[in-house]
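Student: Generate coordinates for the entire structure from the input sequences, incorporating the hints supplied.
Those protein sequence lines, which keep their order, are chains A and B.
All residue numbers for the first sequence refer to my numbering, where the first residue is 970 and numbers rise by one.
All residue numbers for the second sequence refer to my numbering, where the first residue is 9 and numbers rise by one.
Careful: at least some of the hints might be erroneous.
FRET-style restraints, in silico, Cβ to Cβ [as the list claims (entries may be wrong)]:
| hint | chain 1 | residue 1 | chain 2 | residue 2 | range |
| --- | --- | --- | --- | --- | --- |
| 1 | B | ILE303 | A | ASN1180 | 25 to 35 Å |
| 2 | B | ALA148 | A | ASN1065 | 21 to 31 Å |
| 3 | A | PRO1103 | B | GLY139 | 32 to 42 Å |
| 4 | A | ASN1136 | B | LEU44 | 28 to 38 Å |
| 5 | A | PRO1103 | B | ALA29 | 23 to 33 Å |
| 6 | A | ALA1202 | B | PRO93 | 41 to 51 Å |
| 7 | A | PRO1090 | B | ILE124 | 43 to 53 Å |
In silico negatives: residues of chain B with every beta carbon more than 12 Å from chain A [said to hold, decoys possible]:
| hint | residue |
| --- | --- |
| 8 | VAL47 |
| 9 | LEU54 |
| 10 | GLY94 |
Under 8 Å between C-beta atoms, here's a sample of chain B residues computed to sit facing chain A [unchecked claim]:
| hint | residue |
| --- | --- |
| 11 | PHE35 |
| 12 | PRO36 |
| 13 | ARG164 |
| 14 | ASN288 |
| 15 | PRO297 |
Source of the hints: derived by calculation from the structure; they are not laboratory data.
All C-beta atoms, glycine included, are put in the ideal place defined by N, C-alpha and C.
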Amino acid sequence: MKILKTLLVTAAVSVALIANTAQAETKKIALVVKALGIGFFEAANKGAQEAAKELGDVEVIYTGPTTTTAEGQIEVINSLIAQKVDAIAVSANDTNALVPALKKAMDRGIKVISWDSGVAPEGRSMHLNPSSNPLIGNMIIKLAADNLPEGGDVAVLSATATSTNQNTWIAEMNKVLPNYKGINVVATVYGDDLADKSYRETQGLIQSHPNLKAIIAPTSVGIVAAAQAVTDAGKIGQINVTGLGLPSEMAGHVKSGASKSFAIWNPIDLGYSATMIAYDLIGGAEAKPGAELKMGRMGTVKLDDNNEGAMADPFVYDASNVEEFAKIF
Amino acid sequence: MKVLLKNREMLLVVAIALLVALIALRFPPFVTPRNLANVYNDTSILIILALGQMAVILTRCIDLSMAANLALSGMVAAMLNAAMPGLPIPLIILVAMALGAVLGAINGLLVWKLDIPPIVVTLGTLTIYRGLIFLLSGGAWINAHQMSDAFKALPRTAFLGFPLLSWLSLVIIALMVVVMRLTPPGRAFFAVGGNPHAAVYTGIDVGRTRFLAYCLSGTLAGLSGYLWVSRYAVAYVDIAAGFELDIIAACVIGGVSIAGGIGSVGGAVLGALFLGVIKNALPVVNISPFAQMAISGTVIIIAVAVNARAEKRKGRVILRKAEAAHG
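Tutor: Have a look at this one:
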């Protein structure tokens, strides 16, 4: 009896010990999102799980508050600190509010990175942007040029004349324009991110530039309105609408042919890359200006002076994949 | 009075003709009949809304919530269609109009029963209605592929060479002419705005008349909600944001006195067309977007200045006469 008991206890202890070692080897990476139940972040989780599977010794904890509040995220982060995770990758609801909680995490040896929506530099070791202004500027003109092998006139339909994002992207686009032979940007008009004004500006473009071959709209309101205006004018096939938009909003216009392709970040790649970077940091890589961190199949990311890096070109959506992504975001 | 109104409308017709001629100098294709028909079609929704606003302004009130009402009714119409694609379109339009009427009636009741200044009431309901869209949709968009083809096709369907949207606005203009000229509420709008005290003496219920005007503007906003959403094939929280100012501007340019009591269907229609021509011309005449805003603003102020001069009625100085009689 006594022997049996001793045996059992020994067995139990050794099982526990084995389990413990296994636990210590599995890295816990927490993917903290703005709120649960948002298609974009569910897709990011899909990518993170893919990365975990590829790496083998990683467990991804997908978590976040139920509403997009900074308070909710702070609670989540505190509980992750208590769970002693190895890394936290967060898309922040507030740039500054999360800093104290994340500092606490870093003090306890947890690697902290932000992705998608950034945290102030003192609250994270690095930030992963989905793309960069030069990459976006290049992509929007490339989208138009790829469908115009012989060149032609293209026009830009922007948001307001004062929107910082759009103006930066258009400036970057103009820098690389000479690389695209035969592509002339004949006009830049502003739809003010209003459906009716964007629609009217598109009608104006169609009227004043009879040879127009493509409209580039780097704004989600503008691209939808332009596609509708081109459809109503019966110019499908003649004028291609492209730019930046969301798959769920553009699915119909891709199907109708008004838009051959458009771009936006791929949330799956983003979740994948964030997990890979967190793993690289756990493995001893250091996040400092100039450092290159590994992102698995996405290559590497080079950090700038603010410890920020750009993942990749915006992801291109066309008839082959838009339906699938429309369900996601 | 009638002659003066006629003159003012003639003045607007001349102004619009001049404007079109000016645009034609810079961009000749603008004056092709087809393009002018397009401009009218594009302005149809503004015309319908301006007619509703005119009724409200005539009674010395204002409706700032029209664009929000449009957005809410439009969102409901789009959500109905997305959820039940089989629902007949006329039924959806009726629902949108009924909802618009209810939203207008809320404005009207607050103005009538609680006697809150109209600008405050409708400023409040403007934000409430916009907020309701967010609550209803969760901030999500209803996109082109979620709407049925019939839902999107109605305003575009061509009838005798013109889209139904244009025909619909013509029908509404005709109806409004009848309502304003021949029906008791139509006449009451003028009476209440012209002189509320005198209106009471003639047995007109001022509050009730204002309530009716708000119901009318609400119904037209609801109808426009469907038209807007199906024309642009998208519904989201911010559609027609700031459009209430365009509607009021159309009325003011059309000679509807912000002080109430003066205005006409023809004026409001011409005012809307004037704005419509500018909105459609600016993209093709190649003017900087900053100048565009300044031009729209300048035109409105000039129109109001012209109207104010025409409206100036000298107050009767009775005391001085009495003094003179004594002295």
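Student: Against each hint, give a clear statement of whether it holds in the structure.
Tutor: Hint-by-hint comparison with the structure:
In this structure, B/ILE303 and A/ASN1180 meet the distance hint of 25 to 35 Å, their C-beta atoms being roughly 28 Å apart. For B/ALA148 paired with A/ASN1065, a C-beta distance near 29 Å keeps the hint of 21 to 31 Å intact. For the pair A/PRO1103 and B/GLY139, the supplied restraint of 32 to 42 Å holds, since their beta-carbon distance comes to about 39 Å. One distance hint, 28 to 38 Å for the beta-carbon pair A/ASN1136 and B/LEU44, holds here, with the actual separation near 34 Å.
Checked against the given bound of 23 to 33 Å, the beta carbons of A/PRO1103 and B/ALA29, roughly 46 Å apart, lie outside it. For A/ALA1202 paired with B/PRO93, a C-beta distance near 26 Å fails the hint of 41 to 51 Å. Roughly 50 Å separates the CB atoms of A/PRO1090 and B/ILE124, a value that falls within the hinted 43 to 53 Å. Residue-level check failed: B/VAL47 sits 10 Å from the nearest beta carbon of chain A, not beyond 12 Å.
For B/LEU54, the non-interface assignment is contradicted: its Cβ lies about 9 Å from the closest Cβ of chain A, within the 12 Å cut-off. Listed as a non-interface residue, B/GLY94 keeps its Cβ farther than 12 Å from every Cβ of chain A; the least gap is roughly 19 Å. With a least beta-carbon distance of about 7 Å to chain A, the hint placing B/PHE35 at the interface is held under the 8 Å criterion. With its C-beta approaching chain A no nearer than about 11 Å, B/PRO36 sits outside the 8 Å limit, and its interface hint is violated.
Look at B/ARG164: its Cβ gets to within about 7 Å of chain A, closer than 8 Å, so that hint holds up. The beta carbon of B/ASN288 comes within 6 Å of a beta carbon in chain A, closer than 8 Å, and the hint placing it at the interface holds. Interface hint status for B/PRO297: upheld, as the beta-carbon distance to the closest one in chain A is roughly 4 Å, under 8 Å.
Hints 5, 6, 8, 9 and 12, counting from the list given before, are not met by this structure.
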